[in-house]
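This is what each chain is made of:
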Amino acid sequence: MAEKELKKGNEALAEGAIRAGCRFFAGYPITPQNEVPEYMSWRQEEVGGAFVQAESEIAAINMIYGAAATGVRAMTSSSSPGVSLKQEGISYMAGADLPCLIVNMMRGGPGLGNIAGAQGDYMQATRGGGNGDYRLIVLAPNSVEELGNFPKLAFELSEKYRVPAMILADGILGQMMEGMSYNFEPVDPKTLPAKPWALGINDGTRAKNMISSYGLAEGELEKMILKRAERYALIERDEVRFEERFTEDAEVVIVAYGISARASMAAVNALRKEGIKVGLLRPITLWPFPTKKIAQLADKCKAMLCAEMSLGQMITDVKLAVNGKIPVHLYAKPGAFFPIAEDIETAVKSILTGKKDFLFNLSDLAEKADNTCHKPENKICKEGTLL
Amino acid sequence: MYQGVRIAGFGGQGVVSAGVLLAQAGLVEGKAVSWFPSYGPEMRGGTANCSVVISDTEVSTPVVCVPDTAIVMNEPSLPKFEPMLKSGGLLIINSSLIKTKPARKDIKVIYVPCNEIAEKVGSLRTATLVALGAFAGATGAVSLDAIENAMKKVFKRAKPEMIALNRKALEEGAALKAQ
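Just so you know, the protein sequences line up as chains B and Z, in that order.
Residue numbering for the first sequence follows the numbering used here, starting at 1 and increasing by one per position.
Residue numbering for the second sequence follows the numbering used here, starting at 388 and increasing by one per position.
Simulated from the structure, these hints should not be mistaken for laboratory data.
What you are looking at is a predicted structure, and each value in this text was computed from that prediction instead of being measured.
Among the clues, some could well be false.
Said to hold, decoys possible - The calculated lysine-lysine pairs, modelled on DSSO-like cross-linking and capped at a C-alpha distance of 27 Å, are: (1) B/4 - Z/543; (2) B/190 - B/160; (3) B/292 - B/319; (4) B/319 - B/355; (5) Z/473 - B/4; (6) B/273 - Z/546; (7) B/368 - Z/546; (8) Z/473 - B/349; (9) B/223 - B/300.
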């Protein structure tokens, strides 16, 4: 294996995209992913590609649309509020069957939130944040090494199925440094397979190509969507990726992705030392989600615990997979604060002992909320502003 | 071996770069390492800090919440990082700039007059390297040779005489003992 280099997540990702043959990047600055455009700004020039600091996130995603339509490996990168702005363009690219790479280094939200790492955009990424029936291939790295190696995988999957791909990471992964190495040789874009659908100079020897997200004639859109759904079905069948640790004899399986999976793994190691049978399932593709795998694990273990830096979003997919067979609990760390391994340990123990420590439950919040804001003695209510 | 370290000081003292150096040194020695900066809305002239983990096994969390060692280079960092330190942990204090004594009795403390030593060595800019030397000497988490090798990787354009100066600073720091 190659010697490991010390690299920052954002830079490993940017260099990984260059090595994967990305030759067009457009973006707009936002913390915590600024090293990506900064790196691209000089590196694209070195490799004969193009870098554009767009006037906005919306402009950037539409530049990607144009570049991808010509068949070039095109990419944009942003963080949560910026990715929200891109949703219209992403929906159009999904509708136009354009392969591309969109990176979201998630930060706290909603709104401007804060600039620390978070996982509050799971739903937006996996359900399609824009309008219409569509999916993105969503990859969730949990290390600087994966950040560096996933752009190639993302471009390959995206081109194979003509579905936009997203790398969904977070501010901690983007900002941290660790040892990493690339597991592939740099790709020369000239050696990539031709894209017969792409736009370009037509010397009259081929039929006219059209890139469009709409079908106005009666029944045309349905045909387009169903054709695309066939590819979605193939992706769900063939492209699920996950990592399994100590699940073989686990009584409790923690399900966590990205940086949360690392805190969860620390908890698993500590609990295993105490003789507690706990394992980790880390979805690497968030869509397609490892539904079958989780259903199989639900036949063997007593309960599952989702550890997420959100109010609980991935837990929806876990519950769908478990389909009521076993309880699924939540350890939630919203507001862009790092999940604490010791708290996850306590949460696992709580599940095994039937206590509630560190398990997150919205209905518990409702009880507390009753005591604070909605009672008549509350000052604001008395003054009638809430009534 | 596991060392979770916080390095803190004024912006410009090189605490963030010192962290990169430490992580790179760990990597040189074949350890698993991570580095994480404080990148919040910091104020000019305010404090900066970073987390470094050096470990024999995979690093789970790059954000060090309960450090084994805290290296504090300026006065405002002491009240922030002393309470976070693990019981029995190591506190390395830049006694040139920090006059307050730590309150905790359950920790080891090394007082390092970093600025004075750095000036004696030949450049005030090596002050944080003196503290890194003290860390290496007291914990053995990384060797001085590894830090020197790391310097060549991290500061690619550094002149050999600057590397030699920094090496001297490391050695001066490593010679100091905990009180």
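Each hint, compared with the structure:
1. B/4 - Z/543: Holds - the C-alpha atoms of residue 543 of chain Z and residue 4 of chain B are around 17 Å apart, at most 27 Å.
2. B/190 - B/160: Given pair residue 190 of chain B, residue 160 of chain B holds - Cα atoms ~17 Å apart, limit 27 Å.
3. B/292 - B/319: 12 Å, holds
4. B/319 - B/355: 21 Å, holds
5. Z/473 - B/4: 30 Å, violated
6. B/273 - Z/546: Outside the cut-off at roughly 48 Å; violated.
7. B/368 - Z/546: 62 Å, violated
8. Z/473 - B/349: With Cα atoms ~24 Å apart, residue 473 of chain Z and residue 349 of chain B stay inside 27 Å; holds.
9. B/223 - B/300: 41 Å, violated
When each numbered hint is compared with the structure, violations occur for hints 5, 6, 7, 9.
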